[in-house]
Amino acid sequence: MALVRRSFLGVVAALALLACSREKPAPAGPAPSASAVRDGYVIGVSQCNLGEPWRVQMNADILKAALAHPELRLVFKDAQNDSLRQRAQVEELAAQQVDLLIISPKEAAPLTKPVAEVYRKGIPVIVLDRAVEGEEYSTFIGADNRRIGREAGKLAKQMLGGKGKIVELKGLMTSTPAQDRHQGFLEGLALEPGSALRIVFEADMQWLEPNARKEMESALAANRSIDLVYAHNDPGAHGAYLAAKSMNRADKIKFIGIDALAHEGVAYVRQGLLDATFQYPTGGAEAIDVALRYLKGEKPEKKITLGTRVFTKQNVAQGGEAIP
Amino acid sequence: MNAWRALLPLLAVLLLGAVFSGDGAFFAWETHRAVLREVSVMGMLACGMTVVILAGGIDLAVGSLLALGAVGFSWFVLRHGVSVWIALPAVLALGAAAGSVTGVLVARARIPAFIASLAMMVFARGLAKHWSGGQKISTYVQTPTGFQNVALPQIFEALDARVLGGQIAVVTLLFAASALVVYVILERLRLGRYVYAVGGNYEAARLAGVPVRRVLVFSYALCGLLAALAGICQAAQETQGDPETGLGYELDAIAMVVLGGTSLAGGRGRIGLTLIGALTLGYLQKVLSLNAYSTEARLMLTGAILIAAVLFQRRSAR
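Note that the protein sequences, when read in sequence, are chains A and B.
With my numbering as the guide, the letters of the first sequence map in order to residues 13 to 336.
With my numbering as the guide, the letters of the second sequence map in order to residues 20 to 337.
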């Protein structure tokens, strides 16, 4: 019995520890002076998962844009990839009576209702990157993965002159960004039957660099010649590059990635490891622009689709080239 | 505990590879060299895990400690240019210290190993993220004047290189060295006999005068140290310290140990069996990857083959 009680206590202690670790405070917004708060606005930011560098970047973009406006105060919440926790955090922010909510939801279905409830209270809601269902939100800002995939496909075709062998390293194929980046790529390539351009190897690397490296090693072993690698994210393209480099085959292959974070994809292009990367914009700065318009009483559009930028060896020094 | 029982599943997987050879790629030496490199990082985790499991415990924290090692090593060497001869022992000591904490929680506070190491798994992941600021630590460094590229330190190149005429990866040699160290401890030292005794029957070992608590703490400390070493190798292979790396690796490490035939109940098993288990899992993944099976098929096949291998071992053990 004593042993049972002891292990029960152990379980309780561990759960408490788990809970504590999850209540880690979200990155703080700019510390406001009391007077700034009194006449200013509070914006709640609900981020679904700060475990991803891209989402860290999104929060950084929001914060950077907001710092130019001293009347804004931000409250950040990180749901750590848990829909129910994000729902609770949205409710907390509404209870704190924020003036506006920016949310990047983990998934549509579980967050549609909490978002709608905030919206019905008259609080403007800006939904970033991933959509919610229905119409009960103020503005959706997102990029178009399918379009980015299409641009990557066109560039691949152009780089190879319509002839060659392609390896596609896919993101988690149960996720819509990976499905869209795949579908768009095929549309961009526009392969006809009997085309001299073909995809000789495709694998799901689940967005993870070590997986991409393993899959690329298999692709290299199974194919004597490979001309181009298209990876659904930059870490995937980087992993593929490292695999090819360790077999002295990297200079014969072109590498294209997606996301173009400054310290990741863009840096890889600058270092000459990748041949191109397409930006998947976070929309953080745009969200603050739209937020300011709502707070001034304007009525911005319901849906804003962000363009992309391509970074290649030729244009990376100039900050890439916009594809509107 | 015959090695042939562990070898048969490996042979079956190799046969599978010979039949479904991915257009003959399975017969190229490069493929086998790649498998040996790919299993190395998880294999190091499995070496440490073997000692913990033999002592009757389990360590779920190895994947997080690997990330902590990768981040720590990159922080020292990439970000701050600290000498390898300081960074290397510091990171290994950190891994051993984290492991000892788990060990003390298990041995002194009598918290079940599953819970204690689960707590360490969560804590170490948090520490790795905190240390790195949530971002990968790479050769691309943010300075007040913008971004700056630093050269990849030699130690990163050296750890990801191949030696002996370019035929074997350095990480594979480190994996072999880890296994050798564990072999010497388990099979040649009195400490090893204590590990088996504690895992076989804790109470009997204690009554026989075995320093049971110290043996337990040692097993977790060694496991933590090897996880940190694996993290250093992971950082070298990724050319960066990623706080998210190694997610779920603890399960692969446990699978390698169990596939070899080491008993999860403790006290029965061998490090050599873990090596066979590591190769079985590594080759299985390689064969599925070479033939570009879909993820769905891979997951189902891996699960089915794991069960088949374990069932086979148990049957022939009777």
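Hint data in this document are derived by calculation from the structure and do not stem from the laboratory.
Some clues are possibly wrong.
[Unchecked claim] A few chain B residues that face chain A, going by a derived Cβ cut-off under 7 Å, partial list only:
#1 Ala37
#2 Gly41
#3 Asp42
#4 Ala44
#5 Phe46
#6 Thr50
#7 Ala53
#8 Gly153
#9 Gln173
#10 Glu176
#11 Thr314
#12 Glu315
#13 Ala316
[Stated by the list, open to error] DMTMM-like mimics (lysine to aspartate or glutamate), calculated; alpha carbons at most 20 Å apart, straight line:
#14 Lys175/A <-> Asp239/A
#15 Lys264/A <-> Glu49/B
#16 Lys148/B <-> Glu104/A
#17 Lys148/B <-> Asp94/A
#18 Lys314/A <-> Glu298/A
#19 Lys169/A <-> Glu145/A
#20 Lys257/A <-> Glu49/B
#21 Lys257/A <-> Glu176/B
#22 Lys76/A <-> Asp94/A
#23 Lys177/A <-> Asp94/A
#24 Lys177/A <-> Glu176/B
Even for Gly, the Cβ is constructed at its ideal location relative to N, Cα and C.
For this structure, which hints from the list above don't hold up? 1, 5, 9, 10, 12, 13, 16, 19, 22, 23 and 24
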